[in-house]
Amino acid sequence: MLVAGVKVMDGPNMLRHMHEYTIAVGVVDSLKNFSKSSGRRVKSFRVFVGELSMLNLEVLRGALEKLIKHSDAADAVFSVEVERARVICGSCGYVMSFGEVVEDLDDQEKEVIHFLPELIASYGACRICGSKDLRIESGRGVSIRDVVYV
Amino acid sequence: MSSMSRDGCIDYRDALIMKRLSEFSYVLLVTGGKGGVGKSTIASTAALILSQSSNRTGLLDLDLNGPSACLLLGVDESPMEAEDGLIPPSVGGVKVMSVDLFAKGRPLPLTGGAKEEVVKEMMALTSFGRLDYLVVDTPPGTGDELLTITRLTKQVGGAIVVTTSSPLSISVARRVIEILGSMNYRIIGVVENMSRGEDDSLSRRLAAEAGVESLGAIPFDAEIMVGGGKKGPEKLLSTVFARSLREKLRKAGLKVV
Ligand SMILES: Nc1ncnc2c1ncn2[C@@H]1O[C@H](COP(=O)(O)OP(=O)(O)OP(=O)(O)O)[C@@H](O)[C@H]1O
Ligand SMILES: [Mg+2]
Ligand SMILES: [Zn+2]
Numbered sequence: 004m005l006v007a008g009v010k011v012m013d014g015p016n017m018l019r020h021m022h023e024y025t026i027a028v029g030v031v032d033s034l035k036n037f038s039k040s041s042g043r044r045v046k047s048f049r050v051f052v053g054e055l056s057m058l059n060l061e062v063l064r065g066a067l068e069k070l071i072k073h074s075d076a077a078d079a080v081f082s083v084e085v086e087r088a089r090v091i092c093g094s095c096g097y098v099m100s101f102g103e104v105v106e107d108l109d110d111q112e113k114e115v116i117h118f119l120p121e122l123i124a125s126y127g128a129c130r131i132c133g134s135k136d137l138r139i140e141s142g143r144g145v146s147i148r149d150v151v152y153v
Numbered sequence: 002m003s004s005m006s007r008d009g010c011i012d013y014r015d016a017l018i019m020k021r022l023s024e025f026s027y028v029l030l031v032t033g034g035k036g037g038v039g040k041s042t043i044a045s046t047a048a049l050i051l052s053q054s055s056n057r058t059g060l061l062d063l064d065l066n067g068p069s070a071c072l073l074l075g076v077d078e079s080p081m082e083a084e085d086g087l088i089p090p091s092v093g094g095v096k097v098m099s100v101d102l103f104a105k106g107r108p109l110p111l112t113g114g115a116k117e118e119v120v121k122e123m124m125a126l127t128s129f130g131r132l133d134y135l136v137v138d139t140p141p142g143t144g145d146e147l148l149t150i151t152r153l154t155k156q157v158g159g160a161i162v163v164t165t166s167s168p169l170s171i172s173v174a175r176r177v178i179e180i181l182g183s184m185n186y187r188i189i190g191v192v193e194n195m196s197r198g199e200d201d202s203l204s205r206r207l208a209a210e211a212g213v214e215s216l217g218a219i220p221f222d223a224e225i226m227v228g229g230g231k232k233g234p235e236k237l238l239s240t241v242f243a244r245s246l247r248e249k250l251r252k253a254g255l256k257v258v
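For the protein sequence lines, the chains are A and B, in the order given. Residue numbers for the first sequence, in the numbering used here: 4 to 153. Residue numbers for the second sequence, in the numbering used here: 2 to 258.
Simulated from the structure, these hints should not be mistaken for laboratory data. Wrong hints could be hidden among the right ones.
What the hints assert, rightly or not - Cross-link-like lysine to any residue pairs, in silico, SDA-like; alpha carbons within 25 Å at most: (1) Lys113(A) x Ala104(B); (2) Lys105(B) x Leu108(A); (3) Lys121(B) x Asp136(A); (4) Lys35(A) x Asp8(B); (5) Lys35(A) x Glu24(B); (6) Lys39(A) x Cys10(B); (7) Lys20(B) x Ser41(A); (8) Lys113(A) x Thr112(B); (9) Lys113(A) x Lys105(B); (10) Lys135(A) x Pro141(B); (11) Lys35(A) x Thr149(B); (12) Lys105(B) x Asp107(A); (13) Lys121(B) x Glu112(A); (14) Lys113(A) x Lys121(B); (15) Lys121(B) x Ser40(A); (16) Lys35(A) x Leu22(B); (17) Lys135(A) x Lys105(B); (18) Lys113(A) x Gly113(B); (19) Lys20(B) x Met21(A); (20) Lys20(B) x Asn36(A); (21) Lys113(A) x Gly114(B); (22) Lys20(B) x Glu68(A); (23) Lys121(B) x Asp149(A); (24) Lys20(B) x Arg64(A); (25) Lys121(B) x Arg89(A); (26) Lys46(A) x Asp8(B); (27) Lys20(B) x His73(A); (28) Lys135(A) x Lys121(B); (29) Lys35(A) x Met5(B); (30) Lys39(A) x Leu22(B); (31) Lys72(A) x Lys20(B); (32) Lys236(B) x Gly106(B); (33) Lys121(B) x Ile91(A); (34) Lys39(A) x Lys20(B); (35) Lys105(B) x Arg138(A); (36) Lys35(A) x Gly130(B); (37) Lys20(B) x Ser146(A).
Hey, can you work out the whole structure from these sequences and the hints?
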């Protein structure tokens, strides 16, 4: 596995979407665990992908489709949707969009945010007042919502 | 865990975290409450000692505002990305994961809920693989990091409570013991660090009153101040401090030769 490994922060060319795969495993395992503990079958769910995670939606969707086939939620219907980022400055109240947050970041820095969105305050600041007191209101990571089961 | 909230949301990280935790035989939480009592030095050195004793060992640095494991052990590599998650860099046989591997010395203005997110993210993403021991360094105080990790590792965890002989440090340690106790977290013992004399009666009394074991005192050792950097592990392990800690870990029942 180490051979297949890619050093984090080696830049975008090295990105091979392994993070998407890890997350897909987590999503499908969560649904399995839910079914096991509740005795219910999942009919549908929605996956929201926060912009700050900078995940590849198609790769994530593909990985989910592949993994779910071999689970007890095999015929569950799901969608993969983007959740817009809203980052609020605690000092002046300005709300930054995804574009504003990543504007000045290089590829290595973006890769850090991709794994740990909370580190935006380590790498950037409020574009209006320069404060590092930033809070992610939405659009950080992946969430499973609107799970419908029978 | 891994249950659904009332509005039909599931946190996928819970499933990943459960899977990761099932690969750890033991989670050793190094706590203490008061700042500067030696938690990080003890956590890093304990991880090295456990690894040296042929245990598969990881070190998770959860001091999100003031991470110090990387500095203490001289780790500056980045984690490797693999299908199973992020593979942490190793030093002295110890797999080290810290937010500083990402922040690289930059400021970490994290608060409240953001800390819980980062702890969960690190737990979910890090692929330590099978471990005999995961040593966890915690920040001063009884904030979000401590509560989150305590909640997550209750089944496989044991805590060492670090204090000095100062009454202030003892009183903070007492609070930590109470909080861990209230969460039914196992406490494997109290260690008095930076001891300058024979008298460890205050920490002994604290342990006795709290009904937990006293592991004794680790002497003040000026040598460890010069540690850190690439030679960090070797230097740390060769100190009087490390020798004393080794004995405490053995006393606590950990697999140490
Ligand atoms: N037994 C000891 N003898 C001498 N110095 C020590 C001893 N233990 C720790 N120190 C020193 O005390 C300082 C604080 O130690 P350390 O950073 O491990 O404490 P901490 O409890 O993790 O602090 P914080 O609460 O800020 O995270 C360091 O400079 C360390 O080298
Ligand atoms: Mg510390
Ligand atoms: Zn601002």
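Now the hints, each set against the structure:
A hinted pair counts as satisfied when its Cα atoms are at most 25 Å apart, and Lys113(A) with Ala104(B) qualifies at roughly 12 Å. For the hint pairing Lys105(B) with Leu108(A), the CA-to-CA distance comes to about 15 Å; that is within 25 Å, so the pair holds. Annotation: proposed proximity of Lys121(B) to Asp136(A) holds, straight-line Cα distance about 21 Å (limit 25 Å). Distance hint between Lys35(A) and Asp8(B) is fulfilled; the C-alpha atoms sit about 18 Å from each other, no more than 25 Å.
A threshold of 25 Å between alpha carbons decides the hint, and for Lys35(A) with Glu24(B) the separation of about 19 Å falls inside it, so the pair holds. A threshold of 25 Å between alpha carbons decides the hint, and for Lys39(A) with Cys10(B) the separation of about 17 Å falls inside it, so the pair holds. Pair hint Lys20(B) plus Ser41(A) holds up; C-alpha atoms about 19 Å apart against a cutoff of 25 Å. About 21 Å separates the Cα atoms of Lys113(A) and Thr112(B), which keeps this hinted pair within 25 Å; it holds.
Of the supplied pair hints, the one linking Lys113(A) and Lys105(B) holds, its CA atoms being roughly 14 Å apart against a limit of 25 Å. Restraint check for Lys135(A) and Pro141(B): satisfied, since their Cα atoms lie roughly 22 Å apart, inside the 25 Å limit. Among the hinted pairs, Lys35(A) with Thr149(B) is consistent with the structure: their alpha-carbon atoms are about 24 Å apart, no more than 25 Å. About 18 Å separates the Cα atoms of Lys105(B) and Asp107(A), which keeps this hinted pair within 25 Å; it holds.
Distance restraint check for Lys121(B) and Glu112(A): the Cα-Cα separation of roughly 21 Å lies within the 25 Å cut-off, and the hinted pair is therefore satisfied. This hinted pair checks out: Lys113(A) and Lys121(B) have alpha carbons roughly 20 Å apart, not beyond 25 Å. Of the pairs offered as hints, the one joining Lys121(B) and Ser40(A) holds, with about 22 Å between alpha carbons and a cut-off of 25 Å not exceeded. Distance check on the hinted pair: Lys35(A) and Leu22(B) sit about 18 Å apart at the alpha-carbon level, within 25 Å; holds.
About 17 Å separates the Cα atoms of Lys135(A) and Lys105(B), which keeps this hinted pair within 25 Å; it holds. With a C-alpha separation of about 23 Å, the suggested pair Lys113(A) and Gly113(B) falls inside the 25 Å cut-off, and the hint holds. Taking the CA atoms of Lys20(B) and Met21(A), the gap is about 18 Å. The hint holds against a cut of 25 Å. Between Lys20(B) and Asn36(A) the CA atoms are separated by roughly 11 Å; this keeps the pair inside 25 Å, and the hint holds.
A C-alpha spacing of about 22 Å is found between Lys113(A) and Gly114(B), which places the hinted pair at or below 25 Å, so the restraint holds. Between the alpha carbons of Lys20(B) and Glu68(A) the distance comes to roughly 21 Å, so the proposed pair stays at or under 25 Å and holds. For the hint linking Lys121(B) to Asp149(A), the alpha-carbon distance of about 22 Å falls within 25 Å, and the restraint holds. In summary, the hint linking Lys20(B) to Arg64(A) is supported, as the alpha carbons are separated by about 22 Å, within the 25 Å threshold.
Only pairs whose Cα atoms come within 25 Å are accepted, and Lys121(B) paired with Arg89(A) is accepted, the gap being roughly 21 Å. With a C-alpha separation of about 16 Å, the suggested pair Lys46(A) and Asp8(B) falls inside the 25 Å cut-off, and the hint holds. A distance of roughly 18 Å separates the Cα atoms of Lys20(B) and His73(A); the hinted pair therefore holds under the 25 Å criterion. Among the hinted pairs, Lys135(A) with Lys121(B) is consistent with the structure: their alpha-carbon atoms are about 22 Å apart, no more than 25 Å.
A C-alpha spacing of about 12 Å is found between Lys35(A) and Met5(B), which places the hinted pair at or below 25 Å, so the restraint holds. Taking the CA atoms of Lys39(A) and Leu22(B), the gap is about 19 Å. The hint holds against a cut of 25 Å. Under the criterion of a C-alpha separation no larger than 25 Å, the hint pairing Lys72(A) with Lys20(B) is consistent with the structure, at around 20 Å. Under the criterion of a C-alpha separation no larger than 25 Å, the hint pairing Lys236(B) with Gly106(B) is consistent with the structure, at around 22 Å.
In summary, the hint linking Lys121(B) to Ile91(A) is supported, as the alpha carbons are separated by about 22 Å, within the 25 Å threshold. Our distance criterion of 25 Å between C-alpha atoms is met by Lys39(A) and Lys20(B), whose separation comes to about 15 Å. The hinted pair formed by Lys105(B) and Arg138(A) meets the criterion: a straight-line CA distance of about 21 Å does not exceed 25 Å. Distance check on the hinted pair: Lys35(A) and Gly130(B) sit about 22 Å apart at the alpha-carbon level, within 25 Å; holds.
Using a Cα cut-off of 25 Å, the hinted pair Lys20(B) and Ser146(A) holds, with the two alpha carbons roughly 18 Å apart.
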